[in-house]
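Chain A is fixed; fit chain B onto it per the hints.
Here is how the chains run, residue by residue.
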Amino acid sequence: MALLVARKVVKRFGGLTAVRDLDLDIEPKTIYSVIGPNGAGKTTFFNCITGFYQPEEGEILLDGQPLVGLPTDKITRLGIARTYQNIRLFANMTAIENAMVGLHPHLRTGVLGAIFRTPAARAEEAQATAEARRLLQFVGLAGKGDLIAKNLPYGLQRRLEVARALASRPKLLLLDEPTAGMNPREAEDMMHFIRRLRDELGITILLIEHHMRVVMGISEHITVLDYGEKIAEGAPREIQTNPRVIEAYLGRGGAAQQHGVLDAPAAAG
Amino acid sequence: MRSYSAPVWQMALKLGLIGGAVAALLALIGMVEVFNQRAIIGGVISMGQTFLGLAVLLSAYAAARRAGTQTRSTALLAGAVAGAAVGLVIGGLALLMAAWPDLRTILINASPTLLALLTFGQAAPVALAIWIVAGGLLGAATGALLLLTPAVRSAILAALGAVVLVGVLADLLRLITSAWGVIGQALRWMFAGRGLSVAGALVVAAVVVLIGVLRQRGLPKLQPAAGRRSPRQTLLSLAISLAILALLPPVLGTYMSEVLDQVGLYVLMGLGLNIVVGFAGLLDLGYVGFYAIGAYMMGLLTSPELGFFNLSWWAALPIVLAVTILSGVVLGIPVLKVRGDYLAIITLGFGEMIRYLALSNALDPYTGGPQGVQLIAKPTIGSFVFDDVTKLYYLLLAGCLLTGFIAIRLRDSRLGRAWMAMREDEDVAQAIGINLVSTKLLAFATGAAFAGLSGAIFAAKIGAAYPQSFHLLVSINVLALIIVGGMGSIPGVIVGALALVGLPELLREFAEFRLLVYGVVLVVMMLYRPEGLLPSEAARREMHEDENVTEESALAQPAEPAIQLERTAT
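Those protein sequence lines, which keep their order, are chains A and B. Quick note: to get the numbering used here, add 24 to the position in the first sequence (first position is 1). Quick note: to get the numbering used here, add 683 to the position in the second sequence (first position is 1).
Next comes chain B alone, as it looks inside the complex:
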């Protein structure tokens, strides 16, 4: 850590002003107001207020961290100054809005509602004072957090985080639990307004703290000290997770099943692209093309509307997969010699080409052109038809398990090693005897097959395939979820899909800010956790090279060998 020659309060003021500016910006783009419709704790604190509070908290925390904790007063002072500075900016914004109502002609979100929210219904100067004092107090409290022991601090932060998270999802949780009959009735006291009730919030906090205490005391005994678990334990935990996964749709209801289906489609694609990008290091931006080919092939083979084949979904599936694998190979051949950025640009073009082909008049009889293909068959097993989201969930679950299994097996084989070697150094990999052509094509083909399966299920899910479903943004989403989850990491794909596909679905009403949040999340991730949420071993090694490098290997540069020759002269 570098030491700050400037006084602590100056640094804290700077951080506070930055935090305040961010909060003011969020308010002025309308985010605070929109989020205010939902409560974290009903009647006590809304989501919008939580946002502003978070600005105080984060600025104060950063300031207190930098100030250090040598003396109690520096952390408290830094926190208080930063918090007050955030309050000053927000209160100042309120003052500005009150004094100059015409501001709204420029910044349309500077509405009276926002003003009321920012001033607590008081006169603006009073509100400014409240903001500064409240910000300072909250900031000082945040600074005080640093003076606590790590265990207590993490317990408090976890409890706060959990309350906010559960509060954000409270609306949905109430919807889900209301379908549970008696249990739902019994849980009603936990919710108030569009958030948690005070009692509910307290219970959530207590449960989180309790779990934390248990994990520190009790659980280590349950798990053996060695990292490896016995096969029986692995099997048991697998069976339990499977049982939980199988129970999700009836427990969570239709809406959540729809969200999970969406996540499942992206997990399938993510697992496939993870092989191409994560394992083999081939940056493919046209991945949506294979998803489209899978969906359209399913349409071509099963839709009576086009009237070519009328196969059943299951009969068509092997053909669909064969065609997507073939398309993976065919699109792979021209890019065999191309690397990095160039590969990305060319594959980007491929993806767009496929979408335009689907739209084109030339292929109209086969793809339905802009109208797309309707009446695509649903998968059936006996008399069981996968005709709604809760049923399709099981098909997707099976698909994800199968592809996940295949991905793991391939990763741990000779082929996986060849992919990783190729990612590390393509020339050396080839010089070691790896056939780049077959190794690359295998990666493209496997990735394409997974996307084809995803496309086939997607087609069955909506019963149709439309060109606009296969936009470039799908490719980017899949790539982003791999990056956020952790490049090359299979659990990372699932976490990434839940975070980037599942979470936004749950926060639908804030859809207009979705891309903003998405962008911010990606930037923050790349700056502070480039290896992803659940990184693979290799990615962790790569991103943290500075950590455990031995002294000798730092001297990897040869030391002017030729000179030694002349020195031997007598």
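With the rest of the complex left out, here is chain A:
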């Protein structure tokens, strides 16, 4: 059974329909990409899944459990974590504090435990620190735990955002343009990193991405949105040759030069 199922999801902003009748099935442990030109409704759809927006129609299920109507914290507790297109770290907190905030839903120290620093609270705090440190190491921030988030280089900020998302132990991780603003080499690194998330941690990945090299390189399944509607779906090869996709990206005139527009680099096959 699919991990995440979306059925006929509709999100409108006033007269504008940002997401129209969207159906989606994400199988466990896949890397699934949503692509489309700017304004196609990709991030809006992300916000519908994570509870930032409430879709007007349709339903979204995680493991069969309906998500629509739940607040964002509940959805996170059910096993969905995300990163943001424009990095939204807790900028003035340290890297390790950011990761530890991510662990919040799994800790249970209450007011009294915190005030009296009970053995249970101390043990939990030590465990949380150790886990946060492991997460930082996993994403490549070993030894940088005490740096202030906003002082980290851009690439590491993206990594830290992933670490914070991983801290909530998600089944499904939503990455919103993880390679935005990166040069080709950094993007390549990020691509390998995303693959590791799936291979080593067994997390299902839902990706919004503009770097076609990345998308075609790592996705097992791709959905293409245009004006809020799904115009194509399938494996990378099928998407690359789909005329509607090419048209959406280049407009009607550009459709003539079909070949090569969405080609993955040979290496990425």
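Be aware that one or more of the hints could be misleading.
To be verified - Every beta carbon over 10 Å from chain A, so not counted as near; a handful from chain B, in silico:
no., residue
1, A841
2, L897
3, L966
4, N1044
5, S1096
Said to hold, decoys possible - Listed next, the stretches of chain A that the computed footprint assigns to chain B, with coverage defined by at least 3 CB atoms under 8 Å from CB atoms of chain B:
no., segment
6, 65–78
7, 88–97
8, 107–116
9, 121–129
Honestly, the hints are just simulated from the structure, not real lab data. Think of the CB as a built atom: it goes at the ideal place given N, C-alpha and C, for glycine as much as any other residue.
Chain B only, in chain A's frame:
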């Protein structure tokens, strides 16, 4: 620093005229005259004269700083010009006042006393000349300060500052030391008139310089190079500070104990509001409401005048705290969805509502209406009754230690992290799995409990609760002391309370200028030290973002990703 194309003297003249205008303004609103009643050094320089001198000093210093110190003469010249300009304005004011006595019908503080003060008893034109020359000389001396090595300069400035500070407090210090018997007698030579004696001033200056020298030479050896101190050292310094704190009331006497009690009440409230505003970022302007609820609940439960319960103070305390916590939650629920400015306005309304409820006739049997509640119980331990300010001090001290401890423990826990995450970005905090409802309500409830404790002690202190004690200004004071001390910083709350509550109490006779000084201090703080006097780590990071940002993170904007697609077309 930008370079000034205009000649140095023009810039210095401008700064001097500004400084002079400020000094003239202070004189015309009566501040100089009032402050002149106290001396810094008895018979030598009064507080009012110090004020005018400070105008010269600050203008000259600013001018000399801008002029730079490449050549000796520019700093001296800039200082001298600025100083002389200040003198020109003040002397000019004296001339104007002498030539036109009717000025007083418009500016009522332009009194003959002020004129005498400004002219040194000389004819006005002579005084003008004296002012210009003296201002120029003092300004040049200030400029010369910049040419000294930093160590010497800071020693001189520290000594001057200490003399002024001790001089301002001299009146009080004499009062305190006079109660010390033999030691007080022995210290009498330090004071003269309503200020320090010359010898006293010299001793103060010498002590400050000596401490400075010792700190540069000796003390670093005592403290290990690493910032962290060992637990034993921490414990030792804690024990010493506790012992000092415990000795304060008998040493300082009743008046100072009263001031310290006042500070203590505000520290309690500050620690509570610091959780709400500083940690969790929820701007609450109705905080006084919880202070009022604490005091009135204590009245309701203990006052035989109302005749409901007649509990003892200690028996009532848990109920008082429970009710204030509950009120924190109840007032928190409606504002859960509200942020920033709107939250501030709504909580402001809550605070006022509670005061009006206390005043209202409907609740008269429970609150005493405008007359308030009297005969509120005093706390007792065995046969020991906390019935005067020196005794209540210990109760407040215990309360502050307890709440401070709780605040620190909560800050360093999972809950503190959740508060800070919420302050940084509420939406993301929620999306990371933080339950905003419980996290916010916990902040409101803890803050309310601290204020309730403060209110309960306040009620015991004056033995009554009156509506006018719970004015909006209390909320604003508490907020201001947090801002001045440093948002989110626990030591900052204490420093803020000492600065904004303690200091004004000590300078009571200048009460009419209190709000003016208060306003100026806040404006200056926000401009030059927005993170507060003792900022928390996070606040320091926030306020100084431009400093250690790496190059890469400055490029945080994604670079038009969509374009890459089209470029791959062949």
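These are the hints, each one checked on the structure:
{"no.": "1", "hint": "A841", "in the structure": "holds, 32 Å"}
{"no.": "2", "hint": "L897", "in the structure": "holds, 33 Å"}
{"no.": "3", "hint": "L966", "in the structure": "holds, 17 Å"}
{"no.": "4", "hint": "N1044", "in the structure": "holds, 39 Å"}
{"no.": "5", "hint": "S1096", "in the structure": "violated, 3 Å"}
{"no.": "6", "hint": "65–78", "in the structure": "holds (count 3)"}
{"no.": "7", "hint": "88–97", "in the structure": "holds (count 3)"}
{"no.": "8", "hint": "107–116", "in the structure": "holds (count 8)"}
{"no.": "9", "hint": "121–129", "in the structure": "holds (count 6)"}
Hint 5 alone, counting from the list given before, is not met by this structure.
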